[in-house]
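Asker: Single-letter residue listing:
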Amino acid sequence: MIQENEIITLVLFIALMLFMAFNRKKLKDFPGIKIFMASSILLFLSVICTVAEGFLLEDELNILEHLFRSVSALLLVFWSMSFRSEGREA
Amino acid sequence: MIGLIDVLSLVFIILAMILFIIFVFPKKDRTAPLFKLIVITLFVLFVFHYVSNTLEWIGISEALDPYEDFIELFEPTFIFFLLYIFFSYISAQKLRDSEEKYRLIVENQTDLVVKVDPDGKFLFASRSYCDTFGKTEKELLGQKFIPFIHEDDREPTLREMQKLEKPPYTCYVEQRALTANGWRWLAWTDKAVRDNEGNMNFIVGVGRDITEKKKNEDDISSLKAQFEYVLTVTNTGLDLIDEDLNMIYADTNWIKKLGDPKGKKCYEYFMDRSQRCETCSIPEVLRTGETVVSEEFLEKEKRTVEVHTIALKETLNGKRMVAEFNIDISESRKKESELRQLLADLEKSRKAEFNLIEDLKEEITEKEKASMEIVRLNETLEDKVKERTRELELSNKELESFAYSVSHDLRSPLRHILGYADLLLNECSGPPSGSTVHLNKIISSADYMGQLIDDLLEYSRTGRAEMNMKIVDMGEMIKHIQKRFEHEMPERKIKWINGKLPTACCDENLMRSVWINLIENAVKYTSKKDQSVIEIGCKEKPDEYEFFVNDNGAGFDMSFYPKLFGVFHRLHSRSEFEGTGIGLANVRRIIERHGGSVRAESAGEGKGACFYFSIPDKKGTD
Chain A
1 MIQENEIITL
11 VLFIALMLFM
21 AFNRKKLKDF
31 PGIKIFMASS
41 ILLFLSVICT
51 VAEGFLLEDE
61 LNILEHLFRS
71 VSALLLVFWS
81 MSFRSEGREA
Chain B
1 MIGLIDVLSL
11 VFIILAMILF
21 IIFVFPKKDR
31 TAPLFKLIVI
41 TLFVLFVFHY
51 VSNTLEWIGI
61 SEALDPYEDF
71 IELFEPTFIF
81 FLLYIFFSYI
91 SAQKLRDSEE
101 KYRLIVENQT
111 DLVVKVDPDG
121 KFLFASRSYC
131 DTFGKTEKEL
141 LGQKFIPFIH
151 EDDREPTLRE
161 MQKLEKPPYT
171 CYVEQRALTA
181 NGWRWLAWTD
191 KAVRDNEGNM
201 NFIVGVGRDI
211 TEKKKNEDDI
221 SSLKAQFEYV
231 LTVTNTGLDL
241 IDEDLNMIYA
251 DTNWIKKLGD
261 PKGKKCYEYF
271 MDRSQRCETC
281 SIPEVLRTGE
291 TVVSEEFLEK
301 EKRTVEVHTI
311 ALKETLNGKR
321 MVAEFNIDIS
331 ESRKKESELR
341 QLLADLEKSR
351 KAEFNLIEDL
361 KEEITEKEKA
371 SMEIVRLNET
381 LEDKVKERTR
391 ELELSNKELE
401 SFAYSVSHDL
411 RSPLRHILGY
421 ADLLLNECSG
431 PPSGSTVHLN
441 KIISSADYMG
451 QLIDDLLEYS
461 RTGRAEMNMK
471 IVDMGEMIKH
481 IQKRFEHEMP
491 ERKIKWINGK
501 LPTACCDENL
511 MRSVWINLIE
521 NAVKYTSKKD
531 QSVIEIGCKE
541 KPDEYEFFVN
551 DNGAGFDMSF
561 YPKLFGVFHR
571 LHSRSEFEGT
581 GIGLANVRRI
591 IERHGGSVRA
601 ESAGEGKGAC
611 FYFSIPDKKG
621 TD
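Going line by line, the protein sequences match chains A and B. Once you know that position 21 of the first sequence is 21 in the working numbering, the rest is easy, because the numbers rise by one and skip nothing. Once you know that position 12 of the second sequence is 12 in the working numbering, the rest is easy, because the numbers rise by one and skip nothing.
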């Protein structure tokens, strides 16, 4: 079953991804951008899984959704750790 | 399985939030507060999300029911915040890039850039400014800029900066400042930055080192002064005129004489005319580009100038120009005129001189002829004189010989007369009669005649005797003569006054004769005085001695002086004083033979007389 808020979240995420793709050069000095982007992409994948599980492979995609979120959270740990060695901040 | 994953996710997100707080929060950054707030919010949302999942997994999902709506907002809010962060970051990045760019420009340009507050305290100083003044920005910030300025330039600077308070809120100042390299000239363009209410926030100044430019300006000023001095000294004027005959420039000499040339045409300025001159050479000079030299008379100044008109390559406002050098030739013209007059006069004078020379030539020729004639006559005259002298000498000798012969020959008959007269007188013994008186007179006259003959013979011998010159002590000679007179005339009272007499080179015998004659005269002519005073002395003169014999005797009238030294001339009768009148003539002849001279003085008859004779001092030469 498709939920309205999930679709909105997906659309917003697509917009976020496109924004990050177009401005990747300008964001290159953003602290820990690579880890942060990886975390965001995983989060985006989890949202896709959330939407997709309403149509097929509900359990598998649900597991993937939570797995992506978990890895995304783990990457945020690394992202926070990257500030230890960063010389500058946003 | 899913629940375990969610628990892990919760642990991870809590760990990430803690690490973020530890590493990021202590750092200070002007964009950090908002960034930190948003990231923490996201972490909180995450926490809520995973707590919700975990509780759901445990089976107490109803505990989160009051917060269900809040949790539902997690992902859209998360994305919104992320977008906001990224936008903020990109904007901040742009600002940083812009700032960096401007900082790069400011820091790397050679011009000095400063920002000061209205009190003149530094808010910013560019690297070039810091380098110039040998200070760091930190040392400058908060300090006033005025102390760096030369004392003499402070007041003008502050006065100029007052313009910043009025539109257009800019000013330009040139000042000397004490830099790390000493005093340097700096030119500042200042701009006041104001807030919306019009109050001055700060002043931005851009400065540049113009020391070299100033030096060049000084050099140019100096050169200009020197150039104008040269123009003044050489009495030369310089002016610039454009192709429309407008005056562009006139040197200070022109300005002093004719005033400011601005806005005037050249013919108005120089000639006081309303139309251009007919002989104006400027169009021709501009057309051909060749220098034209002309001569003009300046009506205003009443003087003539030689004008060198030169086309310039430079243009002014698109118009071509010429430079005119005006050399004052009034004086030289005057001098030329004077010179011409002088040459004419000279030519005239030369012609006159030529004529004069011609006349002179003729005169010289005549004079040469005359001179030659004179020389010829002189030559013959000398011969004639020699001949005459010889004849005269011969005649004198013959005459002297004749006088001697006559005198000598007369003595013989005279002796016969005296002898026979004595015999007759002896035969006429008895009382004196007329015959005896006559015989006595004959004998007396014959004696006198004999004396005359003796004197004449003596005079003749004096002239012919050979001179035997030697050094004679005159004092000794005088003493002997005086003794002789004292011996011969013991009855006479004579006071002798003898001065100091020198030795002299002379013939002793002849000189003795001189002294005897003079002293004898003095004794004779003082015989009627109760007390005879005879003074003998000498006055030493250069190259000669002048001896004298002075007495207080009869003296003489000076009117008869010319006859005094003549032969047989007497100024007194025989009855008054005896004598033949040949003594002084003898004295003169002897002294003249010695190369000397005689003279006599008397105050008058009865007032004594003084006889002088001088002879040359030949002691040194012989």
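Any given hint might turn out to be false.
As a list, the in silico EDC-like pairs of lysine to aspartate or glutamate whose alpha-carbon atoms are at most 16 Å apart [said to hold, decoys possible]: (1) B/Lys300 x B/Asp345; (2) B/Lys367 x B/Asp383; (3) B/Lys262 x B/Asp242; (4) A/Lys26 x B/Glu243; (5) A/Lys28 x B/Asp97; (6) A/Lys25 x B/Asp242; (7) B/Lys213 x B/Asp111; (8) B/Lys191 x B/Asp119; (9) B/Lys191 x B/Glu212; (10) B/Lys470 x B/Glu508; (11) B/Lys302 x B/Asp260; (12) B/Lys94 x A/Glu4.
Don't read these hints as lab results, they were simulated from the structure.
Asker: If a hint holds in the structure, say so; if it doesn't, say that too.
Answerer: Hints versus structure:
Between B/Lys300 and B/Asp345 the alpha-carbon distance is near 34 Å, which puts this suggested pair outside the 16 Å criterion. Taken as a hint, the B/Lys367 and B/Asp383 pair is broken in the structure, with Cα atoms around 23 Å apart against an allowance of 16 Å. With a CA separation close to 12 Å, the supplied pair B/Lys262 and B/Asp242 stays within the 16 Å bound. As the CA atoms of A/Lys26 and B/Glu243 are separated by approximately 63 Å, the hinted pair breaks the 16 Å bound.
As the CA atoms of A/Lys28 and B/Asp97 are separated by approximately 13 Å, the hinted pair is consistent with the 16 Å bound. For the given pair, A/Lys25 sits about 63 Å from B/Asp242 by alpha-carbon distance, which is inconsistent with the 16 Å threshold. Of the supplied pair hints, the one linking B/Lys213 and B/Asp111 holds, its CA atoms being roughly 15 Å apart against a limit of 16 Å. For a cut-off of 16 Å, the pair hint linking B/Lys191 to B/Asp119 stands: about 14 Å separates their Cα positions.
Among the hinted pairs, B/Lys191 with B/Glu212 is inconsistent with the structure: their alpha-carbon atoms are about 25 Å apart, more than 16 Å. Distance check on the hinted pair: B/Lys470 and B/Glu508 sit about 7 Å apart at the alpha-carbon level, within 16 Å; holds. Restraint check for B/Lys302 and B/Asp260: not satisfied, since their Cα atoms lie roughly 19 Å apart, outside the 16 Å limit. At roughly 37 Å between alpha-carbon atoms, B/Lys94 and A/Glu4 are farther apart than 16 Å, so this suggested pair is violated.
Checked against the numbered hints above, the structure violates hints 1, 2, 4, 6, 9, 11 and 12; every other hint is satisfied.
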